[in-house]
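Just so you know, the protein sequences line up as chains A and B, in that order. Residue numbering for the first sequence is 1 to 112, as defined by full-length UniProt numbering. Residue numbering for the second sequence is 1 to 965, as defined by full-length UniProt numbering.
Certain hints may be false.
To be verified - Just some of the chain A residues that point at chain B, by a computed CB distance under 8 Å:
#1 ILE9
#2 THR32
#3 MET46
#4 PRO54
#5 ASP66
#6 ILE77
#7 VAL83
#8 LEU86
#9 LEU105
Think of the hints as simulated: they come from the structure by calculation, not from any bench. Idealized CB from N, CA, C, for every residue including glycine.
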Amino acid sequence: MELYMSLAIGVLFTVGVYLILSKSLLRIILGTSLMTHGIHLLLLTMSRLKRGAPPLLGEEAEAYGDPLPQALILTSIVISFGVTSLYLILAYKAYRKLGTDNMELLRGEEDE
Amino acid sequence: MTHLHMAILLPFLLAAACRLLQKLLSRVHAGWLIIPAPALLFIYFVTRIPSVQEGHAISGRIPWIPSLGIDFTVYLDGLSLLFALLISGIGTLVVLYSIYYLDKRKELVGLFYIYLLLFMGAMLGVVLSDNMIVLYAFWELTSISSFLLIAFWHNREKSRYGALKSMVITVFGGLAMLAGFVLLYVMTGTFSIRAIIGDLSAIMGDGLFAPAMLLILLGAFTKSAQFPFHIWLPDAMEAPTPVSAYLHSATMVKAGLYLVARLSPVFSGDALWFWSVSLAGMVTLIYGSYRAMKQTDLKAMLAYSTISQLGLMMSLLGLGSASAFYSVGSQSLLYTAATMAAVFHLINHAVFKGALFMVVGIVDHETGTRDIRRLGGLMSFMPLTFSIALIGSFSMAGLPPFNGFLSKEMFFTAVLNITGMDKLNMESFAILFPVAAWIASIFTFVYSMLLLFRTFLGRKQPDKLDRKPREAPVGMLLPPIALAVLAILFGLFPNLLSYSIIEPAMAAIHPGQLVPGEHFVVTISHWHGWTTEIFMTIGVVLAGTILYKLHARLSAIREPLWTRRLTLNRTYDEGLRLLDTGSRRLTNRYMTGSIRHYLIYIFVFLIAAIGWTIFRTVDLAALHLADFAPMSLFEAVSMIVLILSVIAVPFASSRMIAIILTGTAGYMVTLFFVIFRAPDLALTQIIVETVSVTLFLLCFNHLPELKREAAALRFKLSNLLIAVGVGAAMTLLALIASSERSFESISHFFLESSYKLAGGKNVVNVILVDFRGFDTMLEILVLGIAAFGICALIRLQPGTSDKQALPANEQDNGRGKRSRTSNLAVRSNDVILKTIAKAAIVIILLFSLYMLNTGHNNPGGGFIGALMAAAALILLAMAYGRRTLRKVIPIDYRVLTALGLSVAILTGIGSFLFDAPFLSHTFGYFDIPLLGTTELATAMLFDLGVYMTVVGMTMTIILTIGRDK
Numbered sequence: 001m002e003l004y005m006s007l008a009i010g011v012l013f014t015v016g017v018y019l020i021l022s023k024s025l026l027r028i029i030l031g032t033s034l035m036t037h038g039i040h041l042l043l044l045t046m047s048r049l050k051r052g053a054p055p056l057l058g059e060e061a062e063a064y065g066d067p068l069p070q071a072l073i074l075t076s077i078v079i080s081f082g083v084t085s086l087y088l089i090l091a092y093k094a095y096r097k098l099g100t101d102n103m104e105l106l107r108g109e110e111d112e
Numbered sequence: 001m002t003h004l005h006m007a008i009l010l011p012f013l014l015a016a017a018c019r020l021l022q023k024l025l026s027r028v029h030a031g032w033l034i035i036p037a038p039a040l041l042f043i044y045f046v047t048r049i050p051s052v053q054e055g056h057a058i059s060g061r062i063p064w065i066p067s068l069g070i071d072f073t074v075y076l077d078g079l080s081l082l083f084a085l086l087i088s089g090i091g092t093l094v095v096l097y098s099i100y101y102l103d104k105r106k107e108l109v110g111l112f113y114i115y116l117l118l119f120m121g122a123m124l125g126v127v128l129s130d131n132m133i134v135l136y137a138f139w140e141l142t143s144i145s146s147f148l149l150i151a152f153w154h155n156r157e158k159s160r161y162g163a164l165k166s167m168v169i170t171v172f173g174g175l176a177m178l179a180g181f182v183l184l185y186v187m188t189g190t191f192s193i194r195a196i197i198g199d200l201s202a203i204m205g206d207g208l209f210a211p212a213m214l215l216i217l218l219g220a221f222t223k224s225a226q227f228p229f230h231i232w233l234p235d236a237m238e239a240p241t242p243v244s245a246y247l248h249s250a251t252m253v254k255a256g257l258y259l260v261a262r263l264s265p266v267f268s269g270d271a272l273w274f275w276s277v278s279l280a281g282m283v284t285l286i287y288g289s290y291r292a293m294k295q296t297d298l299k300a301m302l303a304y305s306t307i308s309q310l311g312l313m314m315s316l317l318g319l320g321s322a323s324a325f326y327s328v329g330s331q332s333l334l335y336t337a338a339t340m341a342a343v344f345h346l347i348n349h350a351v352f353k354g355a356l357f358m359v360v361g362i363v364d365h366e367t368g369t370r371d372i373r374r375l376g377g378l379m380s381f382m383p384l385t386f387s388i389a390l391i392g393s394f395s396m397a398g399l400p401p402f403n404g405f406l407s408k409e410m411f412f413t414a415v416l417n418i419t420g421m422d423k424l425n426m427e428s429f430a431i432l433f434p435v436a437a438w439i440a441s442i443f444t445f446v447y448s449m450l451l452l453f454r455t456f457l458g459r460k461q462p463d464k465l466d467r468k469p470r471e472a473p474v475g476m477l478l479p480p481i482a483l484a485v486l487a488i489l490f491g492l493f494p495n496l497l498s499y500s501i502i503e504p505a506m507a508a509i510h511p512g513q514l515v516p517g518e519h520f521v522v523t524i525s526h527w528h529g530w531t532t533e534i535f536m537t538i539g540v541v542l543a544g545t546i547l548y549k550l551h552a553r554l555s556a557i558r559e560p561l562w563t564r565r566l567t568l569n570r571t572y573d574e575g576l577r578l579l580d581t582g583s584r585r586l587t588n589r590y591m592t593g594s595i596r597h598y599l600i601y602i603f604v605f606l607i608a609a610i611g612w613t614i615f616r617t618v619d620l621a622a623l624h625l626a627d628f629a630p631m632s633l634f635e636a637v638s639m640i641v642l643i644l645s646v647i648a649v650p651f652a653s654s655r656m657i658a659i660i661l662t663g664t665a666g667y668m669v670t671l672f673f674v675i676f677r678a679p680d681l682a683l684t685q686i687i688v689e690t691v692s693v694t695l696f697l698l699c700f701n702h703l704p705e706l707k708r709e710a711a712a713l714r715f716k717l718s719n720l721l722i723a724v725g726v727g728a729a730m731t732l733l734a735l736i737a738s739s740e741r742s743f744e745s746i747s748h749f750f751l752e753s754s755y756k757l758a759g760g761k762n763v764v765n766v767i768l769v770d771f772r773g774f775d776t777m778l779e780i781l782v783l784g785i786a787a788f789g790i791c792a793l794i795r796l797q798p799g800t801s802d803k804q805a806l807p808a809n810e811q812d813n814g815r816g817k818r819s820r821t822s823n824l825a826v827r828s829n830d831v832i833l834k835t836i837a838k839a840a841i842v843i844i845l846l847f848s849l850y851m852l853n854t855g856h857n858n859p860g861g862g863f864i865g866a867l868m869a870a871a872a873l874i875l876l877a878m879a880y881g882r883r884t885l886r887k888v889i890p891i892d893y894r895v896l897t898a899l900g901l902s903v904a905i906l907t908g909i910g911s912f913l914f915d916a917p918f919l920s921h922t923f924g925y926f927d928i929p930l931l932g933t934t935e936l937a938t939a940m941l942f943d944l945g946v947y948m949t950v951v952g953m954t955m956t957i958i959l960t961i962g963r964d965k
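Model the full assembly from the supplied sequences, consistent with the hints where possible.
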């Protein structure tokens, strides 16, 4: 499972990076979300998959899954939601103000 | 906290209070409010003289960064006391003088005194600190305050140029000095100068000894304007004259001398030290005095004169270090005479040069010029000023009976003594010292006379002056008169100083040359009989007079072209310009302004770093792939869906499809969270995904249609290459990380102590709100900032002025029509949606509260509950419109965000009441009617804060976007 998961992470990163490097702002935003998914799965995979019950002590299981990556990921999910919203607003405000979403054209003044 | 600490801090405190005092007493010149500080300090330091004289140094220590050996240690011995007296004494006179020099109606006097006080405090810090790092900090602070004071008239181009130049050169030296200090620390393990002097065995013979010494000397030479670093001092004369008199002649430029004297016990006895200090001093002495003769501006003349006199004192300190080559005895004591001369001249120079600067300031102030070609015959207009100038310049020229004569005689004695030295091959070189000293003294005599006679005697030229010259006001005359009186007093009764100040200072410079309990013998007198020195002085006067007579004709001879072209100033200017353009060119090469380029740097570096590490440390063939968990068919199918939907995103032909595909990937990730036993994550992700899709669709109208990337193949291929590289690196990373453990995970701590220490059974939630509560608090802070940032962005109407960007509330209260056009305001006509929504909203809201409450022990918690509540509210807005939402739940979500943050922070602060660190939690079990035994934990209160913040911020974001047209 970890092997295939690693491959899926690779695909998420590849597509995410590819989109981030493109010129359109919308693609860049979608790319960051895909990359975020990749990072979450990476964190989870690092601590081994399917080892024990969910980290709820009420379950009274023999072994529990690693709670640490889960705490990290939970934080990350919420933060990336905030970041994505900010990106979106920035993107469409920039588009409305400047009439383009092409990053190459959004490079600022020459003598800045 | 000793009195000494307070003495250093007093000017800083006063500087901070200066503005306030000025407001309260606006009718008084700010100088009168300031002057008590240096005066008090001077009195304090004078009262310290007896105890220091008896050899009782005063010290105190405040720990600052003890782990790094950095303490604010102060130490007052003879040398520090000498400088402290100069700083506070001259400081008092300069402040008094400046009150009349600077017109409070025309100048920003408040600012001037703040800078001056900053300097005073910093300079006291330099001479009183024992810890080298603290000394360095104060040292740089003197450079900064000097920069501010030189640029006081900052609308003048030349002032700014001079300020920058002094800053660049002295800070360069300061950094070198810091490096030297660090090297000393490396060798000795301490930053305390006294500790280093106390145990010299650690540095003797160390390979770092010479580099440390040279770096520190670089700091001292740049600060004390030694050749070739002197070029900043003439340009520093753009400062107001009181500043020139104080910083650039009496105190700051002597910091380098202080440093050399202070570290003499460490380095003297080394040939390199002896040669570099004495030669740098000698060269500066001759060069400075020669250039001083050539000046026509009075202040420039004084500037070069200061450079040359600093060189004189520097070389004396170097010659004094010769005593360390001999064991304690009469021969070593012979060479300490040079140190005695240096210390004595330090005082004398401050006295006569201070007076002369003030005189030049008066001349400038009363006539409007400092050019000796336009001045002349001022004696009849300003007799008092003339008398002061006479005393000052005769003292500078080294004529009896003034103090400068005595120290010049002692200087001759020192250079003559050195000819008797039988070490370091001195037999062949030593004669150069007296010759150079004699020539420099002639030059000094000539420019002193030029300064005096060209200004005050000779033909009157009133037509060349802007205004009619007259005598200066009393307040302006008092300080130079005081200094002139001192020049005579020290000249006639030099032994006033010998045992009170000079001897203790010498004892601090040569601690090894004394048998414990003994003192240096310091007697200074006018007449020694017909010695070589007196003949040298007579020679100086004769040769000087001839040169003075010839001066007018000599100055007509133009210097050769190449020396005019190849000046040090030109080198500095060109060097600075080249550095500037060079670094700009270099930076522009990679800082292209294209975010894609920056990202490429990051990704390529990432690939290289991960690849290199894996290549070096991991044996890929030995990975334990067999130990991996098995995969079921269901999981395989889910993974294929995930991968396919992700790969399809770049090929999507429209925005909608791209967004849906990304959403699919998100839901698939949620599924994997379920499979991987992470219920909290699954819950969070599924709601976030839903809210995100809403968000995307809201922005939908505003974003441009997705065009096919019309880019060159090369562009796409390079992107693909980098993307695949990152993907491959991440795959390998995931594989390696999951197949081997180089160290034990810390997770078992959380599993074991979650219930015991925090009383919660949902370990993930406990980590978030309790163990790592501080992280979570900062996280919700970030969310709050994002929400308010979005608000601000939306209100910022492109192309309109601020007036039109009305507060959002006003906008839709007044005009219902307008808000109808926005997305969330359109009422849905879907009866089914409305009916289901009505029931669903209540259930979801209730469930979200349950989630919040149960989160400590079961899946749920503040984040999940909040997102769920937000989802319910969004549903309400979608089904019934935003106005209904406002009516049903009249909450300002921005206020809710702020409230939530306050609850979280107050919960954290609350633990201070119980003497616990920030965000300590406690819990207990209580019997509550209806609910039975219930656990109550402060962590839940914190979670409530998180809940409120997240609801607030999500709704703020969604509603502001929905409102924007």
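Exercise. Going through the earlier hints one by one, which of them does the structure break, listed in rising order?
Worked result: Hints 2 and 9 not satisfied by this model.
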